[in-house]
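J.: Chain X is fixed; fit chain P onto it per the hints.
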Amino acid sequence: MNKLNTSSSELDLDRPNIEDYLPSGSIQEPHGTLRLRDLLDISPTLTEAAGAIVDDSFTRCFKSNPPEPWNWNIYLFPLWCLGVVVRYGLLFPSRVLVLTIGWIIFLSCYFPVHFLLKGHDKLRKKLERGLVELICSFFVGSWTGVVKYHGPRPSIRPKQIFVANHTSMIDFIVLEQMTAFAVIMQKHPGWVGLLQSTILESLGCIWFNRSESKDREIVARKLREHVHGADNNPLLVFPEGTCVNNHYTVMFKKGAFELGCTVCPIAIKYNKIFVDAFWNSRKQSFTTHLLQLMTSWAVVCDVWYLEPQNLKPGETPIEFAERVRDIISVRAGLKKVPWDGYLKYSRPSPKHRERKQQSFAESVLRRLEER
Amino acid sequence: MGNSSSMLTQYDIEEVQEHCSNTFSQQEIVSLYQRFCQLDRNGCGFISAEEFMTVPEFAVNPLSQRLFRMVDGLNFKEFVLFLSAFSSRASLQQKVEFIFKVYDSDGNGKVTFNEMLDILRDLTGQFISEQQREKVLTQVLEEAGYTKDSLLVQADFMKLLSYSSETILDVVNTVPVLDILILGNSVLKMEVEVPVD
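Top to bottom, those sequences are chains X and P. If you count by the working numbering, then the first sequence holds residues 1 to 371, one letter each, in order. If you count by the working numbering, then the second sequence holds residues 1001 to 1197, one letter each, in order.
One chain only, chain X, in its complex shape (with noise of 0.2 Å):
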């Protein structure tokens, strides 16, 4: 399938080629003798650019569609006013209140727990897992969340990771009430971020810098030796890297398929009815996120826990890593772009350009001799 191009430079290693995904513009090899015309012609490499300045399957990953407007005619106005009313009104009050009443409830259990039974390592992990689990369910149901999980539910034995597709923050939620996973997360500023390095410190959780290139060896360790302990939570990557809008997949990053582990992947479907449960970092910050959530009818998701998947022999990581995600993006019917998620935050290599004029060069070489 794809070949493993063995560069110097860290980032490429993470990448496929992408040249077998994308659209040449010029579909015939020319062949002949060079002319002053074929030199001039630059009609493939424009229409190339300029098809990507019309449309380009980059952007529309991230795109979040508003939704079509229902309530354009006489009837349908007042019922969605007296939807406004109740939902900001009646139901988002008494989903604040839950939600407070949920954190009264788990921090007054959380800081005993974790301070008092400092001695008995077990128990407190399990009572701290528990916690976890519940702190995560008030927070779904402040929602109104409507999860339908399907297929086993995770087992805690060494040497499995998990992986899921990403489409928010609310990702780590969903499954998160479920099983009370360690997670590798981006560090965030203001009250997440105090939340990521207090109660989610205890799980286990790595934390990493998109910003730092050396960061990537420390946590590939972080990682292998989380996966190799024994009573560790299990652990739960997004392999994309970046939030997607739930109707594409980009490229998974190989970092978890090479720790020679069991890799159970999870494909999770959000249903727009009521909300679109896409994060756009760029438009909104989490909390706004939130809000949105939390004024809207409900958020519906689908969660399907695929079956176990090894490194098939003779099979490279990034192989791997692309199979994985043929199957989760089948299940949740999502579409594969073969572009990096960190392409949100920079640019491409200029490895991808070289190449381009690279087989440009050789073609009017190679021309230049037949003559």
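Hints in this document: simulated from the structure, not taken from any laboratory. A quick note: this is a predicted structure, and the numbers were derived from the prediction, not measured. Some hints could be false.
To be verified - Some chain P residues well away from chain X (every beta-carbon gap over 10 Å; in silico):
{"id": "1", "residue": "Q1010"}
{"id": "2", "residue": "S1048"}
{"id": "3", "residue": "L1081"}
Claimed, not checked - Think about it this way: if two alpha-carbon atoms lie no more than 20 Å apart in a straight line, the pair counts; the simulated SDA-like pairs of lysine to any residue are:
{"id": "4", "chain 1": "P", "residue 1": "K1135", "chain 2": "X", "residue 2": "Q357"}
{"id": "5", "chain 1": "P", "residue 1": "K1077", "chain 2": "P", "residue 2": "G1109"}
{"id": "6", "chain 1": "P", "residue 1": "K1135", "chain 2": "X", "residue 2": "K336"}
{"id": "7", "chain 1": "X", "residue 1": "K336", "chain 2": "X", "residue 2": "N65"}
{"id": "8", "chain 1": "X", "residue 1": "K335", "chain 2": "X", "residue 2": "T287"}
{"id": "9", "chain 1": "X", "residue 1": "K214", "chain 2": "X", "residue 2": "Q186"}
{"id": "10", "chain 1": "P", "residue 1": "K1148", "chain 2": "X", "residue 2": "Q357"}
{"id": "11", "chain 1": "X", "residue 1": "K63", "chain 2": "P", "residue 2": "P1195"}
{"id": "12", "chain 1": "X", "residue 1": "K283", "chain 2": "P", "residue 2": "N1042"}
{"id": "13", "chain 1": "X", "residue 1": "K63", "chain 2": "P", "residue 2": "V1071"}
{"id": "14", "chain 1": "P", "residue 1": "K1189", "chain 2": "X", "residue 2": "R35"}
Built from N, CA and C at the ideal position, the CB exists for glycine as well.
T.: Then chain P, alone, in the frame of chain X:
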């Protein structure tokens, strides 16, 4: 600035359509407007370099810098005019004119040896040496009847990029048989489809 076409009135659409000489249908113009708004994230009315470069497919293209210089600071009407050369309804002349404009970076209506060399450099990068590039270009120029000091105008481009009956015999040896059937018009393929929802 929203993504809905309610921001664009029927008058606006007709004005843009006239400006680009009807190369795009009204539905295509609406789609292009949605795309323009999507790319123009800060809503300032034109697409900046940063915003263009967030499209990875565009950023990896060897001619992206040149194209960007042509489309920098354009408002929506000019943006559609810029893309009109890529419509299926565009004439061969419009397409050749576009290619000529890409080459003619100083806009004086004449393409020099150095301007052609610049484009060749963008397309081949470090994979051909500068001397080799000059040699190749000089060689093909001389074979086509020009010299290193020739200044090409749009008519020259038109002649070179369209297959006229005089050059048919040259082409017979290089092009597969089936393509000769469409040689009557042109073999210049420069079309992009605007997705219409």
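J.: With reference to the structure, classify each hint as holding or not holding.
T.: How the hints compare with the structure:
no. : hint              : in the structure
1   : Q1010             : holds (19 Å)
2   : S1048             : holds (14 Å)
3   : L1081             : holds (13 Å)
4   : P:K1135 / X:Q357  : holds (18 Å)
5   : P:K1077 / P:G1109 : violated (24 Å)
6   : P:K1135 / X:K336  : violated (45 Å)
7   : X:K336 / X:N65    : holds (18 Å)
8   : X:K335 / X:T287   : violated (29 Å)
9   : X:K214 / X:Q186   : holds (15 Å)
10  : P:K1148 / X:Q357  : violated (24 Å)
11  : X:K63 / P:P1195   : holds (15 Å)
12  : X:K283 / P:N1042  : holds (11 Å)
13  : X:K63 / P:V1071   : violated (23 Å)
14  : P:K1189 / X:R35   : holds (18 Å)
Hint compliance for this structure: hints 5, 6, 8, 10, 13 are broken, all remaining hints hold.
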